[in-house]
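> Those protein sequence lines, which keep their order, are chains A and B. Note that the working numbering numbers the first sequence so that position 142 is 292, with each residue one more than the last. Note that the working numbering numbers the second sequence so that position 57 is 140, with each residue one more than the last.
FYI, nobody ran anything at the bench for these hints, they're computed from the structure. Mixed in with the good hints, there may be bad ones.
[Said to hold, decoys possible] Derived BS3-like pairs (lysine-lysine); straight-line CA-CA distance at most 25 Å:
#1 B:K158 to B:K90
#2 B:K164 to B:K281
#3 A:K229 to A:K288
#4 A:K194 to A:K288
#5 A:K268 to B:K328
#6 B:K164 to B:K85
#7 B:K222 to A:K274
#8 A:K274 to A:K288
#9 B:K164 to A:K192
#10 B:K169 to B:K281
#11 A:K274 to B:K272
#12 A:K192 to B:K98
#13 A:K274 to B:K205
#14 A:K268 to B:K249
#15 B:K249 to B:K165
#16 B:K249 to B:K218
#17 B:K85 to B:K281
#18 B:K210 to B:K85
#19 B:K210 to B:K90
#20 B:K169 to B:K85
#21 B:K210 to B:K222
#22 B:K222 to A:K362
#23 B:K85 to B:K103
#24 A:K274 to B:K328
#25 B:K98 to B:K169
#26 B:K210 to A:K268
#27 A:K268 to B:K165
#28 B:K169 to B:K249
#29 B:K169 to B:K210
#30 B:K90 to A:K268
#31 A:K288 to A:K268
#32 A:K268 to A:K362
#33 A:K192 to B:K165
#34 B:K210 to B:K272
#35 A:K288 to B:K272
#36 B:K218 to B:K272
#37 A:K303 to B:K103
#38 B:K164 to B:K90
#39 B:K158 to B:K222
#40 A:K274 to B:K249
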Amino acid sequence: MDYSVLLQQMLGGIQLTVSIFLLTILFALPLGLVLSFGRMSKLKIVNIPVKFYLLIMRGTPLMLQLMFIFFGMPFLGIKFDRFLACIIAFSLNYAAYFAEIFRGGIESVQTGQYEAAKVLGFSKSQTFFRIVLPQVIKRIIPPMGNEFITLVKDTSLALTISIVELMNVTKAFANSSVSVVPYIFAALFYLVMNGVVTLLFSALEKKLSYYK
Amino acid sequence: MKMLTAKNIQKSFGKLEVLKDINLDVNEGDVLAIIGPSGSGKSTLLRCIMQLDTIDSGEIEICGNTLVCNNEHGKAVYADKKSCVKIGLHLGLVFQNFNLFPHFSVLRNITEASVTVLGTPKEEAEKTALELLDKMGLKDRANAYPYQLSGGQQQRVSIARALALKPDLLLFDEPTSALDPELTGEILKVIRSLAAEKMTMVVVTHEMAFAQNVADRVIFMDDGVIVESGTPDQVFGNTQNDRTKSFLARFNGND
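Put together the whole structure using the sequences plus the hints.
Quick look at the structure:
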């Protein structure tokens with residue numbers, strides 16, 4: 151087996167895997183925050199559709215959602231580029247999980263914090279960004295860490311729409327070279343990447359441990 | 084000068100009427116104590132004045148500005164949002180549970196509103212904050228975080244935080260109720276020294292001795308109405324009112 155070719159191809163796959171991971175985080179975090187507001191809204195016209203969205207996104211497989219967007223939507227006349235379809239599916243799906251994590255964090259901030267901010271004249275957005283959100287971030291670190299780690303592994307689902315990410319390369323290489331090495335290599339990569347994610351979350355948790 | 088005028092305040096939570104036709108005046112330099120059993124509506128009254136709750140009907144005027152008044156149908160109508168915020172800045176509130184911002188240092192708890200809301204330069208806000216902390220006997224704790232402080236210290240920081248915005252009227256919602264008994268003294272001492280500086284204050288309290296010694300005027304509330312209002316001597320010394328009598332008797336019995 152030619153290890154230099156294996157390494158080269160795997161690096162290409164890793165690049166895509168990391169891209170899917172980072173872009174999903176980039177889009178799903180803000181979308182999740184917006185969804186959490188929708189979920190907490192007192193207006194039924196807002197919170198019922200959001201609840202329905204969360205049910206669909208969390209209640210059906212991500213693999214199905216990927217295939218629906220890439221293979222299914224064209225039947226409805228909407229066609230996406232392969233990679234774009236992948237990012238859309240991942241972002242929409244992960245935003246649903248993030249939304250509930252944000253909601254848990256936001257609802258755990260005591261009403262006294264909002265009242266103190268109001269009495270001191272803070273506007274609603276100042277209250278949210280200066281008083282509430284920093285406390286929310288500290289509280290949601292553990293569940294967010296879980297989601298990020300799951301996302302690293304879920305990127306492998308992109309192979310169902312033939313994106314040449316790490317798992318796809320691995321599978322092809324293992325088949326053609328009749329070897330177990332590509333699997334071990336891929337496993338090590340996912341482990342290392344999640345090790346890095348874990349370290350980053352520990353560092354953030356430590357950084358925010360200056361208060362209780 | 085009248086700092087606060089409340090007329091015919093009515094407020095219900097669902098079917099429960101918690102404030103029934105409350106009338107109240109606070110003049111500059113007054114220290115008003117509001118006493119009464121739990122559920123009598125005294126905290127709700129304070130919250131309504133602070134715009135943390137809305138009234139159903141009546142009129143509230145703060146430092147000559149109308150916050151809310153009745154329309155022709157007798158329903159409360161508030162001033163526009165901007166005016167409400169502006170009027171609210173005449174007032175400061177000290178909470179029972181302090182409600183300090185846990186992620187800010189003591190200093191930043193005090194400066195944050197003055198910098199972001201009033202646009203005070205940071206250095207100036209910090210100078211004011213340090214002076215206030217000095218006055219509260221906490222100058223050396225400026226860089227501590229709230230969790231590192233005792234309840235009494237936290238409450239003193241929250242008083243400094245309220246004072247930093249230079250309110251014309253400072254309200255206290257049972258400022259010692261969340262504290263261990265041995266810590267209530269330090270808070271009462273601070274309020275007493277503010278009274279000596281002629282700070283206008285309204286204090287909802289269960290500390291009868293404090294109400295008796297520091298307040299110029301005492302209001303006894305029960306079941307959503309002001310049962311009695313007068314000087315401490317009148318209310319504590321020789322009340323003619325049966326409800327006040329039985330409340331004070333219960334209190335003395337508990338002591």
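> So which of the earlier hints does this model not fit?
Of the numbered hints given earlier, those the structure breaks are 2, 3, 4, 5, 7, 11, 18, 19, 24, 25, 35, 37, 39, listed in rising order.
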